[in-house]
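Peer 1: Sequence:
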Amino acid sequence: MSSPCLETITLDAENLYNLLDLMLMSSEKLHGEQLERLLGLALNLSDEIQQWLRQEYESREK
Numbered sequence: 004m005s006s007p008c009l010e011t012i013t014l015d016a017e018n019l020y021n022l023l024d025l026m027l028m029s030s031e032k033l034h035g036e037q038l039e040r041l042l043g044l045a046l047n048l049s050d051e052i053q054q055w056l057r058q059e060y061e062s063r064e065k
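First residue of the sequence shown? That's 4 in the numbering used here, and the numbers climb one at a time after it.
Hints in this document: simulated from the structure, not taken from any laboratory. Accuracy of the hints is not assured; some may be wrong.
Stated by the list, open to error - The following label-pair restraints were derived from C-beta to C-beta distances:
1) Arg63 / Ser30: 35 to 43 Å
2) Leu14 / Ser62: 29 to 37 Å
3) Met28 / Lys65: 36 to 44 Å
4) Glu31 / Ser6: 17 to 25 Å
5) Ser6 / Met28: 29 to 37 Å
6) Gln53 / Leu33: 31 to 39 Å
7) Met28 / Gln53: 34 to 42 Å
8) Cys8 / Met28: 26 to 34 Å
9) Ser29 / Glu61: 34 to 42 Å
10) Arg63 / Glu31: 40 to 48 Å
11) Gln37 / Glu59: 30 to 38 Å
12) Ala16 / Leu38: 19 to 27 Å
13) Lys32 / Glu61: 36 to 44 Å
The beta carbon of each residue, even a glycine, is placed where N, CA and C say it ideally should be.
Take these sequences, add in the hints, and give me the full structure.
Peer 2: Printed below as a string of structure tokens:
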């Protein structure tokens, strides 16, 4: 499996920021399954970013 490029990770980070910002602005309107799905999406985006950062860190430590 190849590592995503910097542009992909940058887009993921921007999407995560925008998603969390939207969730914060709409927090009073989000309930139950809607909130769970958005939190799952945020978790997936953050995981991709975290994995990329870990790979970058490890490659620079060599």
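Peer 1: Now, for every hint given, state plainly whether the structure supports it.
Peer 2: Verification of the supplied hints:
1. Arg63 / Ser30: 35 to 43 Å: Given about 38 Å between the Cβ atoms, the range holds.
2. Leu14 / Ser62: 29 to 37 Å: With Cβ atoms ~21 Å apart, the hint is violated.
3. Met28 / Lys65: 36 to 44 Å: holds (42 Å)
4. Glu31 / Ser6: 17 to 25 Å: violated (39 Å)
5. Ser6 / Met28: 29 to 37 Å: The hinted range 29 to 37 Å holds for Ser6 and Met28, with Cβ atoms some 33 Å apart.
6. Gln53 / Leu33: 31 to 39 Å: violated (24 Å)
7. Met28 / Gln53: 34 to 42 Å: violated (25 Å)
8. Cys8 / Met28: 26 to 34 Å: Taking Cβ atoms as reference, Cys8 and Met28 lie about 30 Å apart, which means the hint holds.
9. Ser29 / Glu61: 34 to 42 Å: holds (37 Å)
10. Arg63 / Glu31: 40 to 48 Å: Holds, since Arg63 and Glu31 (Cβ atoms, about 43 Å apart) stay within the stated range.
11. Gln37 / Glu59: 30 to 38 Å: holds (34 Å)
12. Ala16 / Leu38: 19 to 27 Å: holds (22 Å)
13. Lys32 / Glu61: 36 to 44 Å: Roughly 41 Å apart at Cβ, these two residues keep to the hinted range, so it holds.
Of the hints listed earlier, those the structure fails to meet are numbers 2, 4, 6, 7, in rising order.
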